[in-house]
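Visitor: Given next are the chains, with one letter for each unit.
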Amino acid sequence: MRAQALDLYGLRKSFIDGEVLICFNGPFSHSIIEEIGIAVKRYLETETTSRSAVSDVFAVFVELAQNVQAYTGRLKDRKDEAGLDAGTLAIGRQGNAYAVSAGNMMDQAHVGALALRLEELRAMDKAELKALYKERLRGPRLPAGGAGLGLIDVARRATRPLSWSFREIDDRYRFFSLSVII
Amino acid sequence: MVNDLIIAGSISSPTVRLDASRGVMELTGESYPQNAFDFFAPIIEWARQFLREGSTPLCLELRLSYLNTSSTKCMIDLLDLLENAHKSGRSARVAWFCDKENDRAREAAEEFREDVTLPFEIVLEGPGQ
Numbered sequence: 001m002r003a004q005a006l007d008l009y010g011l012r013k014s015f016i017d018g019e020v021l022i023c024f025n026g027p028f029s030h031s032i033i034e035e036i037g038i039a040v041k042r043y044l045e046t047e048t049t050s051r052s053a054v055s056d057v058f059a060v061f062v063e064l065a066q067n068v069q070a071y072t073g074r075l076k077d078r079k080d081e082a083g084l085d086a087g088t089l090a091i092g093r094q095g096n097a098y099a100v101s102a103g104n105m106m107d108q109a110h111v112g113a114l115a116l117r118l119e120e121l122r123a124m125d126k127a128e129l130k131a132l133y134k135e136r137l138r139g140p141r142l143p144a145g146g147a148g149l150g151l152i153d154v155a156r157r158a159t160r161p162l163s164w165s166f167r168e169i170d171d172r173y174r175f176f177s178l179s180v181i182i
Numbered sequence: 001m002v003n004d005l006i007i008a009g010s011i012s013s014p015t016v017r018l019d020a021s022r023g024v025m026e027l028t029g030e031s032y033p034q035n036a037f038d039f040f041a042p043i044i045e046w047a048r049q050f051l052r053e054g055s056t057p058l059c060l061e062l063r064l065s066y067l068n069t070s071s072t073k074c075m076i077d078l079l080d081l082l083e084n085a086h087k088s089g090r091s092a093r094v095a096w097f098c099d100k101e102n103d104r105a106r107e108a109a110e111e112f113r114e115d116v117t118l119p120f121e122i123v124l125e126g127p128g129q
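So the protein sequences, as listed, match chains A and B. Sequential numbering from 1 applies to the first sequence in this note's numbering. Sequential numbering from 1 applies to the second sequence in this note's numbering.
You can trust all of the hints, since none of them are fake.
Below, computed lysine-lysine pairings styled on DSS-like, alpha-carbon distance capped at 27 Å: (1) A:K130 - B:K100; (2) A:K41 - A:K126; (3) A:K41 - A:K130; (4) B:K100 - A:K41; (5) A:K134 - B:K100; (6) B:K100 - A:K126; (7) B:K87 - A:K130; (8) A:K134 - B:K87; (9) A:K41 - A:K13.
Since the hints were derived computationally from the structure, they do not count as laboratory data. Here the structure is a predicted model, which is why all the values come from computation and not from measurement.
Throw the hints in and build the complete structure from the sequences for me.
Guide: Given below as structure tokens:
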């Protein structure tokens with residue numbers, strides 16, 4: 001079927017140019033999250049002496065990966081599109097900082113609410129984020145199974161404002177991508 | 001009398017030892033299980049029963065280097081149980097052991113402590129102790 005072999009060198013070059021340390025693309029299972037998590041920690045512990053930085057990168061990785069897993073799990077019964085069950089995750093360097101990025105396909109019907117939440121979080125300072133986090137900790141559990149706390153925790157650990165995009169794929173889907181600098 | 005409960009740990013879930021005769025609940029490891037609410041449900045239920053029966057003091061001993069947000073929410077539920085017991089005169093306390101080199105783990109413990117009035121000790125240990 002495929003006319004050309006995969007351009008592995010091109011893939012490698014884009015990882016190197018983008019300072020990507022670890023990347024995964026595919027369906028997220030809990031065991032994959034555990035395995036990548038171990039790799040992330042081992043790698044960072046050899047690279048940096050800051051235990052706090054390792055903790056923050058690991059925590060952001062876990063929250064983003066579990067969000068991707070939960071959301072792609074909601075879409076996986078839709079057989080009409082290829083790649084709906086696959087998430088993409090990259091952990092890399094950005095100058096002296098680390099960047100944790102995660103992306104997945106998203107039904108465009110869900111985009112508006114998520115964009116609004118992200119805008120709200122981006123407008124908050126650390127004290128406001130902490131207050132919101134504490135308020136939600138005692139709030140009801142969300143129907144999706146999560147606590148609605150993940151993105152707040154991620155925003156609290158970020159050292160720069162969250163950045164994200166919704167790339168138009170077709171009438172129905174967008175590719176959501178979120179990048180967190182630590 | 002509540003039975004002891006032991007849950008073996010995994011990469012993403014802590015080892016749990018709930019000892020009814022000593023009145024000690026030990027959780028050791030990292031906590032980001034597939035479903036935190038399912039994981040913590042029997043632990044919270046154990047504490048509820050323990051506090052309902054008898055009058056043995058209860059100590060929650062935690063060595064948790066990381067909790068994801070869902071686990072944090074479950075931990076708040078558990079702490080609220082102990083807090084209510086403490087307020088109604090039952091002896092209940094928390095001892096949270098942290099690696100002294102991991103500021104984030106200590107900060108997480110401190111944030112839990114902000115929300116309760118029961119005795120809550122944060123103990124800094126050297127790694128591997």
